[in-house]
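If you want the building blocks of each chain, they are given just below.
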Amino acid sequence: MHKILAIAWNMIKRTIGSRKGLLIHILVPSIVVAGVIFITGGMEASNPVLLYGNRDAGTAGGHLIAELERTGAYTLKEVKDEAELKEAVIAQEGSAGLWIPADYTANILQGNRPQVGMYELRTSESSILVKMKVDTIVSEMTAAAGLIQAADTSGEADQTAQFAAVLEQAREHNVGSIRTDYDLYPRQTLGVATGMTLLFLMNLVSSTVTQILKDRTGRTMMRMFSAPVRAYEITLGNFLGSCMVGVIQILVVLVLGKWVLRYDYEVPMTFYFLVLATFMLVAMGIASTIAGLLRNPKNAGMINMLILTPTCMLGGCFWPLSIMPEYMQKAANFVPQKWAIQAVDLASTGGGWDVLWQPFAVLGLMAAILLVIGSSVMRPSEASIGV
Amino acid sequence: MAIAELSNVVKRYDQKLTVDHVNVKIEEGEIFGLLGPNGAGKSTTISMICGLLEPDGGEILIDGLSVKARPLDVKKRIGLVPQELALYEMMSAAENVAFFGRLYGLRGKLLKERVEEALAFTGLSDKAKEKPSTFSGGMKRRLNIACAIMHRPKLIIMDEPTVGIDPQSRNHILESVKTLNQMGSTIIYTSHYMEEVEAICDRVAIMDKGHIIACGTEQELRERVAHEEKIVIKSGAGPLAPELLDELNLHPRINRVKTLEETVELYLPSSQSELQDILFIFAKHGGVIASLQIEEPDLETLFLNLTGRTLRD
Amino acid sequence: MANIWTIAANELRMMFRSRSVMLNTFLLPLVLIFLLGAALSGVVGVKGDSSIDPVRVAVVYTGGDPQEASAVADFMKSPELDGYIIPVESSSRDEAESGLRNGKYGYAVIVPQDFDGKVQRGQEVKLEYILGKNSMDNTVAGTVFDNFLGAINYRQAAVQALGPQAAVAAAAAAEPASSRETAVKLGDLNNGGQSYTASQYYAASMLLMFLLYSGLDVSGSLFGEKDRHTLYRLGSTPVTGRELFFGKILGIGIVAALQCATIIILSNLLFGVYWGNRPWLLILFCLLMIVVSMTFSIIVSMFCKTLTTANTIVNFVTVGMTFLSGGMNPLPDEWVHSVGLFTFNHWAMDSIIRMMLHSGLSQLLPNLWVMSLIALVLLGAAIFSYRKVGYHA
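Protein chains in written order, with this note's numbering: chain F, 1 to 387; chain R, 1001 to 1313; chain U, 2001 to 2393.
Just so you know, not all the hints are guaranteed correct.
Claimed, not checked - Pairs of lysine to aspartate or glutamate residues, derived as EDC-like cross-links and limited to a Cα-Cα distance of at most 16 Å, are as follows:
1) 2104/U to 354/F
2) 2118/U to 354/F
3) 1284/R to 1229/R
Said to hold, decoys possible - Here are the in silico distance ranges between beta carbons for each label pair:
4) 1068/R to 214/F: 39 to 45 Å
5) 2279/U to 1072/R: 38 to 44 Å
6) 13/F to 2026/U: 36 to 42 Å
7) 73/F to 2365/U: 34 to 40 Å
Keep in mind that the hints were calculated from the coordinates and are not lab data. None of these values were measured; they are calculated from a predicted model. We put the CB at the ideal spot given by N, CA and C, even for glycine.
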């Protein structure tokens, strides 16, 4: 046992024993992750800016904007004309731009369902929600217009005035809803914050595995094996060492995020740690499997990158899975990041182990399979002896 | 005519003199050995000759050209075999040689010929298309040489070209050094293996702590220590008696006595005349001689004489 | 000059020999662009997605009698809800709440006493929603019930504003044909030319990220030569330090340019990404970006002792700048205009998107000046650091 510990300790010492190692493997990544979490956490607080231009001669346009403002989810900003609106959207002054044409009210009163123009530079969750909200308000307005027509008061001017009156009355929201929020659902940024942590965690783990691979090519592993040590002891020692390095990295990231930047993880820290640690095992499995297939440490590092970013995208590290098309959501099931994020999501909504077992089982299974395949790299083998 | 002339060359690292006023003249056509322990300043000197480092003082002339004033013209005349393997593992042996050949301005047919010639010379013709990553240590060393000779330089500098290889490759390399010399190149050969230098060099400079402490042909250097020979006597019956050693020490013609467990080393101007005396002293104190060896002075002894240390310290 | 080409060619050969460099340089960006395009293209109809599991909604009639709130009760039975909502009558608010917590329900609606009556009398009446555990379910259920309430609100408003005859009309009027036609038309940001899609945004941000990443090749190559001891040997050849350095940078620059061309051309052919109407300016911006990334990496390499340190810094800056310029996931708008301005990516990104959108030249020029300025400053700093530190074995 003490041989295993000696190998593990050696591994830890070489990776993060020096001031430089500490800087590269612990400090810089932790600060990056904590910073990313901080920024994404800050997104929660700020409303997306919604640009609009209202040319409507009637009241519908104003009503639409007022109703959007009432939701409290957007900061509305008016621009002069359509060209300026486009320009502002392109310059990313707001996440989306709405353009209400001049004859908008008139069109609604004629029983049409006129369209509001919307501009966006990139699709995002908030722009999708804006679209849905506008859709709803317009439906209500057209319904109101339908009523006025059905009531059949004479005269166009009359109708316009009535329409305005109805809208004004509607803005009172006599019939409406109150939302009671017990914060049962996961905060939107939690997924992204977790995702970013996973991204960097995978990156770190792969660099530790690369270190083991360097041992192999540098023949120190052979020397280790020439000592009275069993192959499985070397494997276990390396495994344990990389695990410890990973655990330290996770701890530093969590401590920085929680107690220095005061990010609210919404789940008990021990649980969050457990999720990350389980995920780390999978990441080690992936990294060592690749390393086992490639042998050359430099290539292995690069191939890791080749796998890292795409799987993170697919696994929902950058955006919520729900906005992806269905087939891609299915594909995400094969990506460990998805399950880790899901575990955090489930736990943050108060889910107990009756639902949490599933993501953990999947992660565990992935880790087991990959580590068995990848364990070949942590162990001296005949292939590595010789020239 | 001197192909390389170093006058008062000085190089400092952090106020420490690595090369301290070195003056050497290397004649065209000779194999010049630069002998010295690790850290004596050999590699620094060589780097300065090749224009890789700029001396802090003094001047170096190669083929009559100042290294400082015309570095490129000097470099064209030099082929450097670095101490470390300096090869591109991703490229085949032939590509390695060809790349460096192009940098010496070789092109087209001539380049192709020279590459083949260099590989043939180092015995790597059949490995031309293979990558150095598949080579053995000796083969890599030879390729390391091939990359430095394909432009047929006037002056070939070999910085410890035989470090860490098997005796066979070592002999091959030593042979090729001689051949290159016969083909017209002057060779500077550094090593801390005295035997190598003795075997191939016409003239030898011994360097220590940045100084050239001796320079000359092997014969000349030997003569410098010729006033002292060494007799090594191994006792056949345990440690020698103190009285015996005392008497040896007191002998007027024996300069020094060194004892190492059962052996005793005696340094004296001439062994022939005193051998009788020594045997007599042994007999008198009942010393049993298992073996007796008279050693001619070599460069090792010279170095020891000059510095009080051995080369491999 | 010949020496520069020899060294550049050697650099190219070594990079093309390395399979992993090839994969990372040419395959990875395309995979990422494809994933981004595929993942974010289908986002328009979140509601229409048939894969959504219906939400179990607990309905609590505070008055005890559903008949008191017939409008709500009727709505709960309406076929419109099929596939979205499964209403479940719940006995009390407490029961609904605990059901929400243990996952029995996804959402809860509390109907106040005398709902119908209040609506008819024009009084204020509010349904209480209790949000459940799933954000998606919350959005879906919230939207469905808000639409329902909205309709009632407008009808009540109409009655109040227009008088009782509207009530008759309202009763007579059929439910408005719930036209699924969207009320929002995605406008074309374009000033002529092909229509703009969101995937273009990510294609541009990925292109820039990878151009920044090519800085890693610079540091890898500069340190590789040292580690291999070939730099020492090269020092003994009749090649000036400047030729050597420039040759290496040229070789990597060519690879970066090839990478850039590959990303642009293949993303266009394979995924239909349109890169705008000014190919020459696009090339110019890409070249500027390459200059920026290379010179930056040179400066870093000059002052770092080992490859690992240099790579860590280049990596850090690349990922950081891509992130801060909004290239990875959307950032708060004010970020883009404050911190974002300090990233290399921002200026090139903005220009490429404007080119995709056929903006006028006058809008592009400021960006061009800023990029040129950045490139110039970095170039100056690179030359300075080369002079100061140099590139020796």
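The hints, checked one at a time:
1. Distance check on the hinted pair: residue 2104/U and residue 354/F sit about 13 Å apart at the alpha-carbon level, within 16 Å; holds.
2. The straight-line distance between the Cα atoms of residue 2118/U and residue 354/F is roughly 43 Å, outside the 16 Å bound, and the hint therefore fails.
3. With a C-alpha separation of about 24 Å, the suggested pairing of residue 1284/R with residue 1229/R is violated against the 16 Å cut-off.
4. The hint said 39 to 45 Å for the Cβ distance between residue 1068/R and residue 214/F, and at roughly 41 Å that hint holds.
5. In this structure the hint that residue 2279/U and residue 1072/R lie 38 to 44 Å apart at CB holds, the actual value being about 42 Å.
6. At roughly 39 Å, the beta-carbon separation of residue 13/F and residue 2026/U lies within the given 36 to 42 Å, and the hint holds.
7. Between residue 73/F and residue 2365/U the Cβ separation comes to about 37 Å, which falls inside the hinted range of 34 to 40 Å.
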